[in-house]
Amino acid sequence: MKIRYKITLWITATGVFVSLVFSLIIFMEMRELPYKSMDAGLQAIAQILGRLAVTEKIASGNRFAGELPVDLNQYWIRIYDGHMRIIYQNEMPRHVVLPVHNRTGTYTVTNVLAEKSNDLEGEGKEAAFRVRTVHLGKPGSGYIIQIARPVGELQDEVVDLVQNIALGLLVTTLLLIFLSYGVAGRILRPIEVINRLSRDISDKTLDRRIPLGKSRDELYALSSSLNRMFDRLQYSFDKQKQFIADASHELKSPITLLMLFMEGALQRKDLPDSFQQRLIRQTNILRRMSRLVKNLLDLSALELKRTIGFEEISLPGLLKSVLEDYADVFAAKRINLTLNIPEDLEVRGDREELQRVFINLVDNAIKYSRTGGEIRIRAARVGHDIRVSLYNTGRGISKADLERVFDQFYRVEKSRSLQYGGSGLGLTIVKRIVELHSGTTEMESEPGAWTQITITLPVSAESYKKQ
Amino acid sequence: MKILIVDDEPDLIEELRETLKQQRYETDTAPDGEAALDKVFDTVYDLVILDIMLPKIDGLAVLKEIRDGDIKTPVLMLTAKGSVEDRITGLDCGADDYLPKPFAMAELMARVRSLLRRASEHKDTLLTVRDVSLDTKTREVFSGGVPVELTPKEFSVLEFLFYNKNRAISRFTLAEHVWGDEFDPFTMSNFIDVHIKNLRRKIGDSETKRLIRTIRGVGFIIEDGQE
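Keeping their order, the protein sequence lines are chains R and C.
Taking our numbering, the leading residue of the first sequence gets 1, the next gets one more, and so forth.
Taking our numbering, the leading residue of the second sequence gets 468, the next gets one more, and so forth.
A few of these clues could be false.
Coverage of chain C stretches by chain R, computed from C-beta distances (three or more under 8 angstroms per stretch; other residues unrestricted) [to be verified]:
1) 470-480
2) 578-585
3) 604-611
4) 649-658
I should point out that these hints are in silico values taken from the structure, not numbers from a laboratory.
As the structure is a computational prediction, the values presented were derived from the model and not from experiment.
Glycine residues also receive a C-beta, built at the ideal position from the N, C-alpha and C atoms.
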C-alpha cells in the first residue's frame, strides 16, 4: 500500500475515533437530560398532589384543575392512603396497567396498551412510561403517590440525537479522509523530490547531489545521509575504474611483449620442428589468455557502467552489418542462414554495445553449429518489447547446463574450449549489456537438436527510465 | 625514416626498436611524456609511436601539445584501453591511427608502413609482388595485368600479407586484422584457410608458382620472387 494511503488511513482512523468518543460523551449527557427534567416535573406534580391529598381536597373522580399548572390527563396518577387503599386515580390507569411498585424512586416500565385511550395513540402498541413513586407523611399513615408519563416523545428525541450524531460523524469522516489525503501528499512531497533526485543520480551521474534544505529537519538528515552514500559509491566506483585502467595497462603490456616475442620466434626457420610445434601451442595459449583478459576487463567495465548512450538504431541494419562480416564464414561452413526481420524495426540503445551483443550471439551460434547446419534469426515487436531470437541447429545444451550458460567462465564442454576458443564470458557480456538496456536474455535448447537464444528489449523510452 | 617510440615499458621499447631496426628504420625512444615532448620539439621525426598511459604527462596530453605546436608528424597511438570511446578520443586529439594492446607486430608494421606511405604523399599506392599488384587506394588487384574481383575480406587478407612481405603471418593475426578485435579470432581463424584458398584461385596462384605459401602450423607468407 502506498504510504500516502497509509497516512490518510491513520489520520482518518484517529480522527474518527476521537469524534466517536466525543459524540458518545455528548450522547450520554443529552440522553439523560430530558429524563432529568421529566423526573423533576413528575416530582413537582407528585408534591402538589401529596399536599392536596393531605388537605383531603382530592377524592376519586375529583377534577382539581386549576390547582395544577399542567393537564393531568397527560399523566397516569394513582394515590394510596396509609392502608394501601386507592383514594384517587385519574383516567389513564383504567386503560393502562402498569407494573408499578411502591418503593420510592424513578424507573421506566413498558407495557402493551390494552385498548385505545384518549391520550395515547395506538392499540396493542408498546409504550414506555416514566414512573415516579413518592411517599408522603409517616409510613403507615401517609400517602403514596404514583405518577407516570409516557416517554414516547423522549424516545423520539433520542433517536433524533443518534441520527444527528451519526450524520455528523459521517461528514467528519469524509472531511477527514479528504483533508488527510491532502496533508499526506504535503508531508510526502519533499520525500518524493528526494526520491526522484536520488534515482536521477544513481541512473545518470554520480557527480550530482541532493540539495539540502535550510531547516535541519528529518528530511535534511535523510538527504545528507543519501549524499554521504553517493559520496562513498562514487569513491568506490572511481577506485574500481582506476583499478580496471591500471589492470588493463599492467596486464596488457606484458602480454604484448610475450606475443611479440612468440611471433618473432615463429618467424625463425632454424628451430627444430618439435620445438616449433610447442611454440605454436604456447602462442595459442597466450592468445587465449589475451582474449580472456580483454573480455574480463570489458565485463568489469560493463559492470561499472550505469548508463549507456541511447539512440534509435535500425535493427535490420545493425544485424546485417554484423552478418556481413560473417558472410564468408557462413559460406565456408555451408550454414543456411534465414533472416526474418521487419525492415522498419528500430531499437533504442547503444550501437556499439548492441553490436557486441549480436557479434557474440552470432559467433556463438556459428561455433556450435555443425557444417551444413541452420541458423535462423527472427526479430519482431511484441507489445512494448522487441524480441530477437537466434536459433541454430547443433548439439544443443542439456537442461542442467541451460541454467548456467550465462554464468561467468561457464562452458558447456570445458574440454573443448581449446577447439572452440572463447573465454566463457561471451554470454555473460551479452546478458549484462541486455540488462543495461533493461532487457532480458533467455536460452532454450533441445539437446542434440537445436539451441535458441532470445533477447527482449523494451521499445519505449519510458521503460528505460523506470529502472 | 626516423621513428620515435614513446612507452614506459623498457622491454616493449626494446622489442619495437629491434623489429623496426630490422626493417631499416631509424629509431629514437622516450620513456615518458615529458621526454617525448622535448624530443618531438627538438628533432624532426617521420612517425611517433605513442603509448597513452605514460608517467608525468599522459599520451593524450602529449598528443594535444604536439598538435598545438603545429607539428604534423603522423602519430600512432598505442593503448591498453580498447573501447571505441577511447579510440575516438585519441583520434579526435589528432592521432592518425590507433592500435589497442596487445597487438601483433605484423599489425603494427602494416600500420607504420601505411602511415609513412600516406605521410610521404607518394601517389604510388601500388604494392607489387611478382606479377600480382594491389592498389591500396582504389582497392584494385591485378594478376598478370588482369583485374581480379575480390571480396572485401579477401582484399584485406591480401593487403595485409603484402604489407608484411617476407613475414609469416598467423591465421590468428590475419583473423584479428580482418575482423577487428570485437570478433572472436578463434572462430574466425578457422575460416582463414577458406579465404586463402579462394584468394589463390582468383589470383591464379597455382602449385607451380606459389605466391601465398602455407607454413605448417604457423600461417601464411608472401615472399619476393628470389626464393
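A quick look at each hint next to the structure:
no.	hint	in the structure
1	470-480	holds (count 3)
2	578-585	violated (count 0)
3	604-611	violated (count 0)
4	649-658	holds (count 8)
Taken one by one, the earlier hints fail for this structure at numbers 2 and 3, listed in ascending order.
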